[in-house]
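Colleague: What follows is each chain in one-letter form.
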Amino acid sequence: METMHDIKRRIKSVENTKKITKAMKMVAAAKLRRAQEKAESTRPFFKRTRLVLQDIVSNTGTFAEHPLLGDATGEKTLLVTITGDRGLCGAYNSRVIKETRRSLLKREPATLLTIGKKALRTFSREQQEIVADYTDIDDYPGFWFARRITNRIIDTYKQEGYKEARLIYTHFDSPLNQTVYNIPLLPVIPPEERDPESRGDADGEEGEEGIAVDYLYEPSPPEVLDVILPQYVNNLIYAALLESKASEFGARMTAMDSATENATEMIDDLTLEYNRARQAQITKEISEIVSGAEAQK
Amino acid sequence: MAQVKLDIITPERVVYSEPVDMVVARAIDGDIGIMPGHTPLVTALETSVLKIIEGEEEIPVPISDGFLEVKPEQVNVIVRTAELPEEIDVERAREARERAERRLREEKGRVDETRAEAALERAIARIDAVENKSRY
Numbered sequence: 001m002e003t004m005h006d007i008k009r010r011i012k013s014v015e016n017t018k019k020i021t022k023a024m025k026m027v028a029a030a031k032l033r034r035a036q037e038k039a040e041s042t043r044p045f046f047k048r049t050r051l052v053l054q055d056i057v058s059n060t061g062t063f064a065e066h067p068l069l070g071d072a073t074g075e076k077t078l079l080v081t082i083t084g085d086r087g088l089c090g091a092y093n094s095r096v097i098k099e100t101r102r103s104l105l106k107r108e109p110a111t112l113l114t115i116g117k118k119a120l121r122t123f124s125r126e127q128q129e130i131v132a133d134y135t136d137i138d139d140y141p142g143f144w145f146a147r148r149i150t151n152r153i154i155d156t157y158k159q160e161g162y163k164e165a166r167l168i169y170t171h172f173d174s175p176l177n178q179t180v181y182n183i184p185l186l187p188v189i190p191p192e193e194r195d196p197e198s199r200g201d202a203d204g205e206e207g208e209e210g211i212a213v214d215y216l217y218e219p220s221p222p223e224v225l226d227v228i229l230p231q232y233v234n235n236l237i238y239a240a241l242l243e244s245k246a247s248e249f250g251a252r253m254t255a256m257d258s259a260t261e262n263a264t265e266m267i268d269d270l271t272l273e274y275n276r277a278r279q280a281q282i283t284k285e286i287s288e289i290v291s292g293a294e295a296q297k
Numbered sequence: 001m002a003q004v005k006l007d008i009i010t011p012e013r014v015v016y017s018e019p020v021d022m023v024v025a026r027a028i029d030g031d032i033g034i035m036p037g038h039t040p041l042v043t044a045l046e047t048s049v050l051k052i053i054e055g056e057e058e059i060p061v062p063i064s065d066g067f068l069e070v071k072p073e074q075v076n077v078i079v080r081t082a083e084l085p086e087e088i089d090v091e092r093a094r095e096a097r098e099r100a101e102r103r104l105r106e107e108k109g110r111v112d113e114t115r116a117e118a119a120l121e122r123a124i125a126r127i128d129a130v131e132n133k134s135r136y
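These protein sequence lines map, in sequence, to chains A and B. Residue numbers 1 to 297, in this note's numbering, belong to the letters of the first sequence in order. Residue numbers 1 to 136, in this note's numbering, belong to the letters of the second sequence in order.
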């Protein structure tokens, strides 16, 4: 049996760990609130962009030869994968990495563009080809950051040899529940053909959807598409960054909450053990005194 | 007089959502004015000052790049940033302009030039919207 001193030391150490996990949980909760607000406030914007693009694409038909719209000729796939920079957030990172790995196998030859240290570390250790990496992501990613990534993706894609680009990120459903999505990014496919994206449309008014209008494109369709398609991709990336961040905080909050709970349980168990040891010690001392007294009779 | 519903949407929020008499915007190939019943149209916008005409009133709204979608009864302006005149902080815009100019001048090559240029254009549009309405 451990001595009382040892148990006491272990209780102390668990208590310290508990303090840390509790603090992390609280920080994550506070950050989550902001990240969630940000992710949600951008949704009307994305919805609108999506509807406009949908309108355009359904009316284009004849000029679908835009480099970002039509089928590409290459055979490589670019996987854009979004993880966090740090661990201690449950299965958040590993779920994205698992999905990415699965995609890598399925879509050979594939290259990666990693966002977040976790993905970079994992895949460079596995010696995958990484065309670009972004680390030290801000807690509340900015629009310019998304644009830098977007430009990089589009440049890479336009180079010879790519047939598609996909985006793997975590969608924030609730603090307890996040889903990993693996969606096509390029070539831009009419949004109604994508599955997870259409789910986001379930809220709000849908009145104007589906009205076929013949648009005038000023100055010309290709030039308008030149501006709108990159913006559309940019919006997807921006939204995915915000969703991923909110998910990371949600996952960390949940993980740290259960870690705190486990620590509490462990402290209870150790305290019980400590009291037993103390009791045993006292019993032993009493029997020593009694037998000592006995012997002197 | 008939009106057309105008929505100005940015990633942060819906900036404006009211019926208006006319919208004047700067597209990539020149200014366009949109009145109720306009032909459906899609065009890209430049960083500039958008004008909302509402009765006798003229509201200048500085916007950054994005695009414009026109339907007979609805105009959607989807841009990265937009502010109403009362929200503009001219001092901040001036500082931003100076900062952007300095960056472009002194640190050429070392900074993200597209970004600095965009910041400069944005700042200029904001200042113009507040001070120099007649220019647009």
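If you're looking for bench data, these hints aren't it; they were derived computationally from the structure. You may find that some hints are simply not true.
Computed footprint of chain B on chain A; a stretch qualifies when at least three of its residues, placed anywhere within it, have a C-beta under 8 Å from a C-beta of chain B [as the list claims (entries may be wrong)]:
{"no.": "1", "segment": "47 to 57"}
{"no.": "2", "segment": "214 to 220"}
{"no.": "3", "segment": "243 to 257"}
Simulated crosslink set (SDA-like; lysine to any residue; CA at most 25 Å straight-line) [unchecked claim]:
{"no.": "4", "chain 1": "A", "residue 1": "K163", "chain 2": "A", "residue 2": "R152"}
{"no.": "5", "chain 1": "A", "residue 1": "K117", "chain 2": "A", "residue 2": "G74"}
{"no.": "6", "chain 1": "A", "residue 1": "K47", "chain 2": "B", "residue 2": "P19"}
{"no.": "7", "chain 1": "B", "residue 1": "K5", "chain 2": "A", "residue 2": "K163"}
Each residue gets a CB set at the ideal place from its N, CA and C atoms; glycine is no exception.
Colleague: Could you run down the list of hints and mark each one as holding or not?
Modeller: Quick rundown of the hints versus the structure:
For the segment 47 to 57 of chain A, the stated coverage by chain B is satisfied: 5 residues place a CB nearer than 8 Å to a CB of that chain, which reaches the threshold of 3. For the segment 214 to 220 of chain A, the proposed coverage by chain B is satisfied: 6 residues have a C-beta within less than 8 Å of a C-beta in that chain, meeting the threshold of three. With a cut-off of 8 Å between beta carbons, the segment 243 to 257 of chain A has 0 residues touching chain B; three or more are needed, and the interface restraint is violated. This hinted pair checks out: A/K163 and A/R152 have alpha carbons roughly 16 Å apart, not beyond 25 Å.
A C-alpha spacing of about 29 Å is found between A/K117 and A/G74, which places the hinted pair above 25 Å, so the restraint is violated. Taking the CA atoms of A/K47 and B/P19, the gap is about 21 Å. The hint holds against a cut of 25 Å. This hinted pair does not check out: B/K5 and A/K163 have alpha carbons roughly 41 Å apart, beyond 25 Å.
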